[in-house]
Amino acid sequence: MTQSVVIQVGQCGNQIGCCFWDLALREHAAVNQKAIYDEAISSFFRNVDTRVVGDGGSISKGKICSLKARAVLIDMEEGVVNEILQGPLRDVFDSKQLITDISGSGNNWAVGHKVFGSLYQEQILEKLRKSAEHCDCLQCFFIIHSMGGGTGSGLGTFLLKVLEDEFPEVYRFVASIYPSGEDDVITSPYNSMLAMKELNEHADCVLPIDNQSLFDIISKIDLMVNSGKLGTAIKPKSLVTSSAGAFKKRQEKPFDAMNNIVANLLLNLTSSARFEGSLNMDLNEISMNLVPFPQLHYLVSSLTPLYTLADVNIPSRRLDQMFSDAFSKDHQLIRADPKHSLYLACALMVRGNVQISDLRRNIERLKPALRFVSWNQEGWKTSLCSVPPVGHSHSLLALANNTCVKPTFIELRERFTRLYRKRAHLHHYLQIEGMEESCFTEALSSLSALIQEYNQLDATKSMPAEELPRLSVAV
Amino acid sequence: MEIWPAFMLLSKTRFWKQLGIWVIVQNYNSILTLSHLYRSSDALLVHENDAVHKICAKLMNIKQISFRDINQVLAHQLGSVFQPTYSGEGSFHYRRNPLGDLMENLVPHPEFKMLGVRNIPQMSENSLAYSTFTWAGLLKHLRQMLISNAKMEEGIDWQVRPPLSGLPTRGKMSLNKESHFNTSIANLVILRGKDVHSAELGAFKDPALYTSWLEPVHAFSVWKTQRAFSKYEKSAALVSNSQFLVKPLDTIVGKAWNMFASKAYIHQYTKFGIEEEDFLDSFTLLEQVIASYCNLGF
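Heads up: the sequence lines are chains U and S, in that order.
The first sequence lines up with residues 1094 to 1568 when you count with the numbering used here.
The second sequence lines up with residues 106 to 403 when you count with the numbering used here.
Warning: the hint list may mix true and false statements.
[Claimed, not checked] Taking CB as the label site, the calculated pair distances span: (1) S:L204 <-> U:Q1470: 33 to 43 Å; (2) U:S1555 <-> S:S317: 46 to 56 Å; (3) S:L280 <-> U:S1153: 28 to 38 Å.
Hints were generated in silico from the structure; no laboratory data involved.
The beta-carbon is built from N, C-alpha and C at its ideal position, and this holds for glycine as well.
Given these sequences and hints, build the entire structure.
Given below as structure tokens:
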């Protein structure tokens, strides 16, 4: 089995990361009752004998001694990381795997990318090499960050280039939180645009997520929970927004719920690589099957079910409903409607007690309403992991490489243009060494080129598939 | 060119014909694999997962088909071919080199090395209790499965008949026509069970079933054993070098070609050293194989 390293950057990245580790521990604890350090758990955790000083403490099998997350925590402010280190997860993080500063990036991509990038490059390299050394077979780096701020956006994307140069064969998956329309950071369009260029050029796979969609999902759940309808009692642990519970005693803030959704996304994405199943899917297979052209590596994700009803009387209808919901625009983690756009490829990652025949049946059922590009009419990739998430009997994560991601990019370009036209706040960026106007114009071209790719694909949507002449051979 | 006197390479390949829901790049992988195997193996024993799936659903009556069920059917197919059989008529010694014999019987020409397997009977335990079999009945069905290219015992097209001898050439196989007479290069029938010596195999020796290159006495062979296989009192397997696999192969090549034309996913392969040239070589080889098998009727 392979290992992955999570790199959480910035305030948002670290908060989500923290939720991820919390849930991952809970998940493994539920499955691994005998507390044996096995391959599943080694994909994200090291087993360490804390009595040993220095580096020699790693234990490869046997009973779990002390679990350390394969993580690197980076933030240019201390607040969030300090909170984590004083909280219930403090022992899960290796104190040597942190990079912090005090002043923060001031919501400025240039500060994050250029200033802190060069300042901390050596340290970053050192921590990354260390975490890679601790892996037998490192397959993937997961970067969690937000696009709208300074550290996550700037330093987070600086990292991508470092990773590409230093570890060219390790996949770079990025979970990016895109700013919503009513973002309180005025310069978020600049930060996001500059970050997009880096994502275009140096990421293998990006999972765009936006706050508004997360918020809408929470509202939907709250409505359900508070509806008080008879027979609709919901199992508390099954909420895709709930924390591991035992740890957090204080009131859950709205961001906690949203962070948990993203944490669950990462958990489900990696479940097939962590646990057994009849149809496993490693992370490299995600990239291989869902990215037909290198630039088009943005995957729209949806998670179902959002909760499990306590009433378990209608199993198979509930299963089919789970598949239907995965394609509904209300379940997508960005504002997108995949059903009415064009699919290049689609992955269905199923967990729990589901058979291939259920998969087949549902794909056959839903296929007619979906449009796939002509050369990939059967562009489905599926995986079955036998271990369901905690509190559920089964779950589904759908990843769509679909042109429905285009509106997000167009909107971003519009917001950027509105600011840039007036040259508002530009001086904050241009005064940073290494920053020029060309950085902005190049970023804009990069995004426009990407949008154009999606436009070209959309144009083929209504064209009939042409049968190309085959090679003819002499007999 | 390498010669393999003692070791015969028999590669077992599986086709996912139309499912397409497991691996998106399966058609690329299939054409690359098949072309390489075709060059390096002496024979390819090919199974179609879709057919196996149908067998599970229709014949075995399994409601929720799992991989275990599919693998069981495949294992049964392989077992029915490779379990020991007597080395000759009237002999009670077992065949020492089944792979070599298989090769000798079924692959007279290196251009034609795709073999398919059919089994009869195939049913669930429950149905078995109410059925009895005769060799005549089993062989009649098996022969019709051969000439009509049926994947399983259900839904056999009894309208397909061998062309009448003396008539001019049957013509090239059309990939678009539904029912078509399946021309064989060579066939091997394996019989297992009670009273196996009484089985009548004349119908399989009909020259109309075969191309004109080999006399039926060379094109057809039979292996027998009294020992029953699995839970079947009498069972027969057919290993055939015929036009069985032309259509599925053609479908896969077609889909791969379509995808290749738009250059989708190619960067994933060039990253690891497989160039567009390699793809083209594979396509060329397989189109050649398809064309050769299609023209067997001449």
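Problem - Verdict for S1555 of chain U, S317 of chain S (Cβ pair) under range 46 to 56 Å - result: 51 Å, holds
request  = Could you tell me whether the CB distance from L204 of chain S to Q1470 of chain U stays inside 33 to 43 Å?
outcome  = Holds, at about 39 Å.
message: 28 to 38 Å was suggested as the range; check whether the CB atoms of L280 of chain S and S1153 of chain U agree with it.
response: 55 Å, violated
In summary, the structure is inconsistent with hint 3 from the numbered list given earlier, while agreeing with all the others.
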